[in-house]
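As given, the protein sequences belong to chains C and G, one line each in that order. Counting along the first sequence from 1, when you hit position 157 you're at 157 in this note's numbering, and nothing is skipped either side. Counting along the second sequence from 1, when you hit position 238 you're at 238 in this note's numbering, and nothing is skipped either side.
Some hints could be false.
Remember, identical chains collapse to one label, so a pair may be satisfied in a single copy or spanning two.
Here are the simulated lysine to any residue pairs, SDA-like style, with alpha carbons at most 20 Å apart [claimed, not checked]:
no.	residue 1	residue 2
1	K106	N221
2	K212	G238
3	K236	S200
4	K5	D118
5	K138	I9
6	K5	E63
By construction, these hints were calculated from the structure, which means they are not laboratory data.
2 protein chains.
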Amino acid sequence: MSSGKIPVIELFGPTIQGEGMVIGKKTMFVRTAGCDYRCSWCDSAFTWDGSEKESIRLLTPTEMFQELMQLGGDNFSHVTISGGNPALIGQSMSEFIDLVHANDCKVGLETQGSRWQDWFVLVDDLTISPKPPSSGMKTDLSILDQIIQLLDPTKISLKVVIFNDEDFDYAKMIHKRFPGIDFYVSVGNANPYVEGDISSRLLQSLDWLWNKVIEDPEMNNVRALPQLHALVWANKRGV
Amino acid sequence: MSSGKIPVIELFGPTIQGEGMVIGKKTMFVRTAGCDYRCSWCDSAFTWDGSEKESIRLLTPTEMFQELMQLGGDNFSHVTISGGNPALIGQSMSEFIDLVHANDCKVGLETQGSRWQDWFVLVDDLTISPKPPSSGMKTDLSILDQIIQLLDPTKISLKVVIFNDEDFDYAKMIHKRFPGIDFYVSVGNANPYVEGDISSRLLQSLDWLWNKVIEDPEMNNVRALPQLHALVWANKRGV
Chain C
1 MSSGKIPVIE
11 LFGPTIQGEG
21 MVIGKKTMFV
31 RTAGCDYRCS
41 WCDSAFTWDG
51 SEKESIRLLT
61 PTEMFQELMQ
71 LGGDNFSHVT
81 ISGGNPALIG
91 QSMSEFIDLV
101 HANDCKVGLE
111 TQGSRWQDWF
121 VLVDDLTISP
131 KPPSSGMKTD
141 LSILDQIIQL
151 LDPTKISLKV
161 VIFNDEDFDY
171 AKMIHKRFPG
181 IDFYVSVGNA
191 NPYVEGDISS
201 RLLQSLDWLW
211 NKVIEDPEMN
221 NVRALPQLHA
231 LVWANKRGV
Chain G
1 MSSGKIPVIE
11 LFGPTIQGEG
21 MVIGKKTMFV
31 RTAGCDYRCS
41 WCDSAFTWDG
51 SEKESIRLLT
61 PTEMFQELMQ
71 LGGDNFSHVT
81 ISGGNPALIG
91 QSMSEFIDLV
101 HANDCKVGLE
111 TQGSRWQDWF
121 VLVDDLTISP
131 KPPSSGMKTD
141 LSILDQIIQL
151 LDPTKISLKV
161 VIFNDEDFDY
171 AKMIHKRFPG
181 IDFYVSVGNA
191 NPYVEGDISS
201 RLLQSLDWLW
211 NKVIEDPEMN
221 NVRALPQLHA
231 LVWANKRGV
């Protein structure tokens, strides 16, 4: 990678953030390429599995912001950085965030909490989503501890995607470890590549998850949400 | 009404808050009887149309909290007061809120912003939902101004239910009037009494609303959400 450039695989919007701490908010999306994880059910595996590597472009922070302006004009006030894992990107991301802020927009970030970057402290809403057992990944809790300790608790949240009972128990363990951090559980999308309407399957999963939360006194303070974009737009890309 | 008693028509939970500023949160519900409005599409018309007047019970704050404890045990940390319009209830509601707080639980309130009560300042998350033209009601903006001026802006939000273009324009007017208050738009449920699955109709409405928000630079900062409980549980009562 050239110094100062960021590997971008998708850049789109304006759209609506469908999940997590700013669910329902209008936002632009920047999706970086590359990930240190290989989650079995990853809904953005094209960012790391090589299947779309010809779409990866190395852009400067200025080029990224210019593209967002061309797409969105004055029609947004929030930019979400997602991946892949954007935490693989170094100092150039801090330049990008400064540019977004200079244009009176806020910045959201989605990352799994496996790596730290100094520019995390610039982010306005930071979702840390450690991956549960069904992903096949293993959480390094000491790194997660360090990351959360360095951040302003009012600007961050934890989010765990849940597919089964074992994932739910993992979510409880994470929630107990960080009781002062806003905590979200989210319904997993078991097949992110199938076409057609997937809403009834996802709503059944949400019903299941809600009942788990309702019955569990250790989960009184969590927020249990679906991925609204998957309910409304199914698995369509670029929205 | 006996002094100190509150007309309660429903009291249930634990369940999940399906909409607004604490969407996805586990909560108990207390629904008071009586309303100063008669919205054409009200999804809780039984609170004011006389159809279930034999269900209305006059309870003291202590009796209300005891029933919540019997239903929920240690399985909740949040109580939502809804109606009808709970703002018709006077000082006895402040006693109830004190009881809830004394038991380490938070209190949410849903009211339309047509009446003030001093106990509003005790509420932890207060949703003010002025009603758009499709309701058939007329908003008294000077009362709304006074109410919002008296409240801590970090603890409140505005929410407008939207059925059509005219409602959307009304929502924009309200949002512009109170730019510092978190603003939610919500998909209306055109038939809150039909049985069976209504999710595809509601998701189509959310798709429509999202596109309206996406295309409108004056709505960059709003959050556009569905009623999740209607998606998951359709029009079932008592959940």
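Comparing the hints with the structure gives:
no. : hint          : verdict
1   : K106 <-> N221 : between (26 Å within a copy, 10 Å between copies)
2   : K212 <-> G238 : between (32 Å within a copy, 18 Å between copies)
3   : K236 <-> S200 : both (16 Å within a copy, 17 Å between copies)
4   : K5 <-> D118   : within (17 Å within a copy, 56 Å between copies)
5   : K138 <-> I9   : neither (26 Å within a copy, 49 Å between copies)
6   : K5 <-> E63    : within (9 Å within a copy, 64 Å between copies)
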